[in-house]
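Enquirer: Here are the chains, one letter per residue:
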Amino acid sequence: MNSEKKEDLRELFERFSDSETAEKAAEEVRRGEQVLGDHPAPEPDEALVAGIKLEIGARLSHGRRSSARRVVWEAVAAAAVVIVLIAIGSSLFRTDNRSPGLVQASIIPRAVWESDDIATDDLDLASFKTEIEHIEDQVRMLQSGENGKNGDIAVEELEMELAEINSDFWKG
Amino acid sequence: MARGDDLAQIIAGCKSGDAACFSEVVDAYASRCYGYFYRLTGNKDISDDLLSELFVKLVEKIKTYKGGSFESWLFRIASNIFHDHLRHKQRQRKLLDSQVKQLGSETTESRASDSDRIDRLQVKVARLDADTRELILLRFYSQLSFKEIAAMRGEPIGTTLSKLHRGLKRLREMME
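Protein chains in written order, with the working numbering: chain A, 1 to 172; chain B, 1 to 176.
Among the hints, erroneous ones may be present.
As the list claims (entries may be wrong) - What the simulated footprint calls covered on chain A by chain B, stretch by stretch (three residues with Cβ under 8 angstroms from a Cβ of chain B suffice, anywhere in the stretch; the number is not a length): (1) 20-30; (2) 54-60; (3) 130-137.
Please keep in mind that the hints were generated in silico from the structure rather than gathered at the bench.
Predicted model only: the values in this text are computed from it and were never measured.
The C-beta atom is built at its ideal place from N, Cα and C for all residues, glycine as well.
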């Protein structure tokens with residue numbers, strides 16, 4: 001069993017003792033190990049060795065499955081990250097594009113915008129539109145002096161009326 | 001037994017998950033590792049379990065093997081497994097105080113149920129102190145050099161030489 005040991009025992013022992021003592025110690029080690037060699041331990045059962053090999057095969061197979069599963073999960077995780085990034089990018093892009101639309105929407109009163117009563121909202125909008133047209137006509141008349149009033153006072157009255165309408169408009 | 005380049009190829013195969021290469025390692029080392037466990041425990045069933053555990057650990061840890069003496073690496077794992085087994089038994093012994101003698105004698109004396117399978121050497125080996133017994137068996141079954149064993153045990157080579165010399169001398173005297 002120990003034939004493969006390349007060490008020179010005597011040389012090793014000579015590092016720590018004189019040559020004669022080293023020779024004796026090396027011989028005692030050889031004889032002691034010979035005792036072990038003369039009384040071999042039992043061999044493992046063939047069934048045990050076969051079982052170990054089967055277990056190793058099963059573990060390797062399981063390891064490969066786990067690796068494959070890990071690769072799939074990593075791919076899924078990577079895909080999820082890409083999707084999230086795309087969604088975020090798209091959201092940002094969409095926000096930029098829609099900003100003019102939001103400005104336009106803000107012109108319409110919130111109460112009208114959020115209301116589900118379309119018929120009433122249409123009436124309100126028609127009413128506002130009529131009033132605005134009426135005011136526009138008055139402005140034109142004032143600017144041209146057709147009604148015979150003092151233009152400055154009339155414009156102030158008109159501005160107040162406009163402010164009032166604007167206030168009512170935003171209240172919805 | 002595979003040597004040099006052959007062993008390197010087998011280990012490389014193991015690292016890549018080749019079951020055939022693991023089988024070769026098992027064929028090459030099962031006998032020596034089993035002898036090591038059996039002489040340490042004196043119990044065939046426990047040796048069976050420890051040998052199985054060793055090769056399962058081998059599969060788990062083969063990628064951590066970075067070269068050098070494979071025997072040294074393998075028997076270091078074997079030694080750790082044996083010590084884990086001892087610690088487990090010690091915990092059991094504390095829990096099952098009534099069975100102290102039976103459990104405590106497991107690694108030093110043969111169980112009565114195993115007596116028919118125990119040879120004379122096993123009885124004498126069991127009478128050595130635990131450290132010397134492990135050193136002698138590690139040296140014999142691993143076939144490691146004194147330098148490797150000293151490095152593995154973290155002690156000067158002179159200490160390893162001295163302990164082994166005294167232990168083997170005593171063992172031979174007991175056997176005569």
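Enquirer: All hints, please: hold or fail.
Expert: Cross-check of the supplied hints:
Only when three residues or more bring their CB closer than 8 angstroms to a CB of chain B does the claim for the stretch 20-30 of chain A stand; here the count is 3, and the claim holds. Against chain B, the stretch 54-60 of chain A contributes 5 residues with a C-beta closer than 8 angstroms to a partner C-beta. That satisfies the three-residue criterion, and the hint holds. Given as covered by chain B, the stretch 130-137 of chain A fails the check, having 0 residues with a CB less than 8 angstroms from a CB of that chain where 3 are the minimum.
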